[in-house]
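Those protein sequences? They're chains A and B, same order as listed.
Under our numbering, the first sequence is numbered contiguously, ending at residue 204.
Under our numbering, the second sequence is numbered contiguously, ending at residue 1307.
It cannot be assumed that every hint is accurate.
[Stated by the list, open to error] Calculated lysine to aspartate or glutamate pairs in the DMTMM-like style (CA-CA distance at most 25 Å, straight line):
| hint | chain 1 | residue 1 | chain 2 | residue 2 |
| --- | --- | --- | --- | --- |
| 1 | A | K72 | B | E1223 |
| 2 | A | K34 | B | E1264 |
| 3 | A | K94 | B | E1223 |
| 4 | A | K79 | B | D1266 |
| 5 | B | K1228 | A | E90 |
| 6 | A | K106 | B | E1223 |
| 7 | A | K94 | B | D1227 |
| 8 | B | K1225 | A | D88 |
| 9 | B | K1194 | A | D91 |
| 10 | B | K1225 | A | D91 |
| 11 | A | K184 | A | E113 |
| 12 | A | K94 | B | D1214 |
| 13 | A | K50 | B | D1266 |
| 14 | A | K94 | B | E1217 |
These aren't lab readings, by the way, just hints derived from the structure by calculation.
Only a predicted model underlies this, so the values are computations on that prediction, with no experimental measurement involved.
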Amino acid sequence: MRIIIVGDGKVTYHLIKKFIAKGYEVSAINDQDEYCDYLAGKTNALIIKGDGTNPYYLNQAGANKADIILALTDNDPDNLYICQIAKSYFQIPKTFSVVNNPDNEDVFKQLGVETIFNTTKLISLLIEQRVEVSNVSNLISIEEGRLNISQVVLQPDSPIIGKTLKEIDLPLDIVFGCIIRKEKILIPKGDTELLEGDKALIITLPEKQAEAFEVLLGE
Amino acid sequence: MYVVIIGCGKTGSAIADLLSKNGENVVVIDKKSISFEKLSPDFTGFTINGDATELSILLESKIDKADMVIVTTEIDSVNSMVSQIAKYIYEVPKVIVKINEPDKAIIYRNTDIMTLSPTDLFIDKLRYRLAKEGSGTLNEESLS
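Whenever a hint applies, use it, and build me the whole structure from the sequences.
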C-alpha cells in the first residue's frame, strides 16, 4: 500500500508513524524546511519538500503509483485542489481530506471529494456534548460522526431508576447497548431493572442523542 | 451584464475599472479591504471585504445571479475552488480564471471554466513580436 500525506503538525507526524508501522510505503509533502527535517529524522517516510498542490511535487512523491492520498493541511482550497488533482490527473483511487471550515463539507462533496473529515465540527461536537452534560460522555463517533456511542451515568433523579427496560419509552432509533454496574457488564434484557449509578451505553444517531439523554436523565 | 470579480489585485482591480467604465454592474470581493484602494475613483460598482471561499460571502455578492465571474487571486488553489463553486454550485454561465502557475492549470481540463495564464500570454505575445521582427532566436520549437 502506497500512501501520500500532504500536511503538517502532530496529526501528520503520528499518521506517518502509524502507517509505516503497518508496513505501508509512505511519502509526505511539506513546504517548511524545519518540518521536513523533523520528519526525515524521525520517520522512514519519503519526504518531499515543496508545494503539495503542485503536480511536480506530487509526482516526486509517487502520485502515479499511490493507492491513497490524504490532504491534511489547514487550508481548505489546498486540500480540495490536492484531492481533485490526485483523482483526475494521477488517478489515485482513494482520496481523503480534512475540512477546516465546517461549511465546506457540502462544497467538497458537491465538487467530487467524498471522504471528508470535518475536524472542526467533530471536535466542537465532542466538546459541546461533554460541557453540556457532565454525566454523559461520548465514547466514540464512527462513520465520520454519523453514529455515536455514548455513556450515561444514571443519577438519583433519573426518571428510569427502578424501571425495567421494557417499561422505558425509548425512541426507536436508540439502541440500549449494555449496562455497566460497578465492575460488572450486563447485557440488558427486557426485564433488567435500572439502578442508580449504572452506566448505560447507548448507540444513537447524533441528531437523536439529545432525545436519548432526555429519556435517561429526565429534564 | 452582472459581473462578480474575485480578488482586487493588479489584475482584478484593472478589470473591475474597465468593466465599470463600460457600464457593467460590477462587484469586487477581496480579503483585504486595503486592496480596494487600487480601484479608480470613477469605479461605480460595489466592494465586499471577505474570503471568497466562504459561501456566505459569495452569496452576499449575489453570485447566483451573475452572468460572469472572473477569478483573479494570487493563489491557484483558491482560484480553483472559487471558480468551481461559481460554475458547478451556482451555475454561473461564464467563469474565467487566472492561472498563476501554469503547471496547476491541469485542474481545469475537461471543465467549462475558461482559463487565462499571464505567463502564457506573455510568451505568446513575445513570440508574435519576435516573429514580426523576423528574429530567429525564438521560434515555435524553442518556446513550446
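Q: Determine which of the earlier numbered hints do not hold for this structure and return their numbers in increasing order.
A: Failing hint: just 1.
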